[in-house]
Amino acid sequence: SQELEQSPQSLIVQEGKNLTINCTSSKTLYGLYWYKQKYGEGLIFLMMLQKGGEEKSHEKITAKLDEKKQQSSLHITASQPSHAGIYLCGADPNTNAGKSTFGDGTTLTVKP
Amino acid sequence: NAGVMQNPRHLVRRRGQEARLRCSPVKGHSHVYWYRQLPEEGLKFMVYLQKENIIDESGMPKERFSAEFPKEGPSILRIQQVVRGDSAAYFCASSPSEGTAYTFGSGTRLTVV
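Sequence order for the protein chains is A and B. Mind the numbering: the first sequence is residues 348 to 459 in the numbering used here, read in order. Mind the numbering: the second sequence is residues 8 to 120 in the numbering used here, read in order.
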C-alpha cells in the first residue's frame, strides 16, 4: 500500500513567517492532493498535483510535486492565523486511482 | 450548499449497541469513501463504494462493520455491538470519478460509553 510520511508533525510559527510542510511517498505518486482540516471539522480540498515538477498556487499557498513524483511540499508565505489547522496530503495509489491514502497530517499553529 | 452531508454530527452509544452513520454525497457523485480518524491520528481508509457496489473494503474490520450505498438514499456505515475502541471521527467523502479530488463531509463523531 502507499505510505505517505508528512513532516513535521507539528509546527508553530509567528504570524508573517514562511513555512514548508513536506509529504514523502514510498512509491511514485500518480495524484497528490493537499487538504486542510480545522479542528473538529471535515477536510477542505486545497490543490491537486499530477505531473512531475508541477507547481500550483492559491493565494499565499504553493504546492509542488518533484520530478520523480515521490515528494511534495506545501509552502505558505507570510502566514496568518487563518492558516492554522491540520494539513494532510493524500495520494492515489495508481493511475486507476481507487481510494486515496493519507499522511498523518501536520498541525500548524500561527501565533499572532 | 450541495456538499457531502453526514449525520448525525455526534453519536453516543453504549457498548453493545448499534451505530448507523449516514452520508449523502454531492449530487452527481457516484463514488463514496469512508474513513476513520482516531484522536491524534491520520485518516485511515475503510471502504470505497459505488452505487449498489462495494469496490474496496480492505480497510473494514472483518466483523461488526458493514457499509452500503443503495440505488436510492444515502450511504450507510453500520457498526454492530460497538466497543470503546470504535470511538472515533468517521468521515465520508465523495467524488465524481476516480482520480479526482474528494469532497469531505464534516464527519460523525462516535463516542462509545
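Think of the hints as simulated: they come from the structure by calculation, not from any bench. The C-beta atom is built at its ideal place from N, Cα and C for all residues, glycine as well. Some hints here could point you the wrong way.
[Claimed, not checked] Here are the computed distance ranges between Cβ atoms for each label pair:
1) A:Asn365 with B:Ala9: 34 to 44 Å
2) A:Pro428 with B:Arg21: 36 to 46 Å
3) A:Gln397 with B:Met12: 41 to 51 Å
4) A:Pro459 with B:Gly80: 39 to 49 Å
5) A:Lys374 with B:Ser104: 15 to 25 Å
6) B:Gly23 with A:Ser429: 17 to 27 Å
[Claimed, not checked] Below, in silico cross-link-like pairs of lysine-lysine (DSS-like), each with a Cα-Cα straight-line distance of 25 Å or less:
7) A:Lys383 with A:Lys398
8) B:Lys51 with A:Lys385
9) B:Lys34 with B:Lys58
10) B:Lys51 with A:Lys374
11) B:Lys69 with B:Lys58
12) A:Lys385 with A:Lys398
13) B:Lys51 with A:Lys383
14) A:Lys374 with A:Lys407
15) A:Lys383 with B:Lys34
16) A:Lys458 with A:Lys415
17) A:Lys364 with A:Lys385
18) B:Lys69 with B:Lys34
Each hint tested on the structure:
1. For A:Asn365 and B:Ala9, the Cβ-Cβ distance of about 36 Å falls inside the hinted range of 34 to 44 Å, so the restraint holds.
2. A:Pro428 and B:Arg21 have their C-beta atoms about 40 Å apart, which keeps the hinted 36 to 46 Å range intact.
3. For A:Gln397 paired with B:Met12, a C-beta distance near 29 Å fails the hint of 41 to 51 Å.
4. In this structure the supplied range 39 to 49 Å holds for A:Pro459 paired with B:Gly80, their Cβ-Cβ distance being about 46 Å.
5. Take A:Lys374 and B:Ser104: their Cβ atoms lie about 22 Å apart, and the range 15 to 25 Å holds.
6. With their beta carbons about 43 Å apart, B:Gly23 and A:Ser429 fall outside the hinted range of 17 to 27 Å.
7. In summary, the hint linking A:Lys383 to A:Lys398 is supported, as the alpha carbons are separated by about 21 Å, within the 25 Å threshold.
8. This hinted pair checks out: B:Lys51 and A:Lys385 have alpha carbons roughly 18 Å apart, not beyond 25 Å.
9. Proximity of B:Lys34 to B:Lys58 is assessed by CA-CA distance (about 13 Å); at most 25 Å being required, the pair is judged to hold.
10. For a cut-off of 25 Å, the pair hint linking B:Lys51 to A:Lys374 stands: about 18 Å separates their Cα positions.
11. This hinted pair checks out: B:Lys69 and B:Lys58 have alpha carbons roughly 22 Å apart, not beyond 25 Å.
12. For a cut-off of 25 Å, the pair hint linking A:Lys385 to A:Lys398 is broken: about 28 Å separates their Cα positions.
13. Of the pairs offered as hints, the one joining B:Lys51 and A:Lys383 holds, with about 16 Å between alpha carbons and a cut-off of 25 Å not exceeded.
14. Between A:Lys374 and A:Lys407 the alpha-carbon distance is near 29 Å, which puts this suggested pair outside the 25 Å criterion.
15. Distance hint between A:Lys383 and B:Lys34 is fulfilled; the C-alpha atoms sit about 23 Å from each other, no more than 25 Å.
16. A C-alpha spacing of about 35 Å is found between A:Lys458 and A:Lys415, which places the hinted pair above 25 Å, so the restraint is violated.
17. With a CA separation close to 20 Å, the supplied pair A:Lys364 and A:Lys385 stays within the 25 Å bound.
18. With a C-alpha separation of about 30 Å, the suggested pair B:Lys69 and B:Lys34 falls outside the 25 Å cut-off, and the hint is violated.
Hint compliance for this structure: hints 3, 6, 12, 14, 16, 18 are broken, all remaining hints hold.
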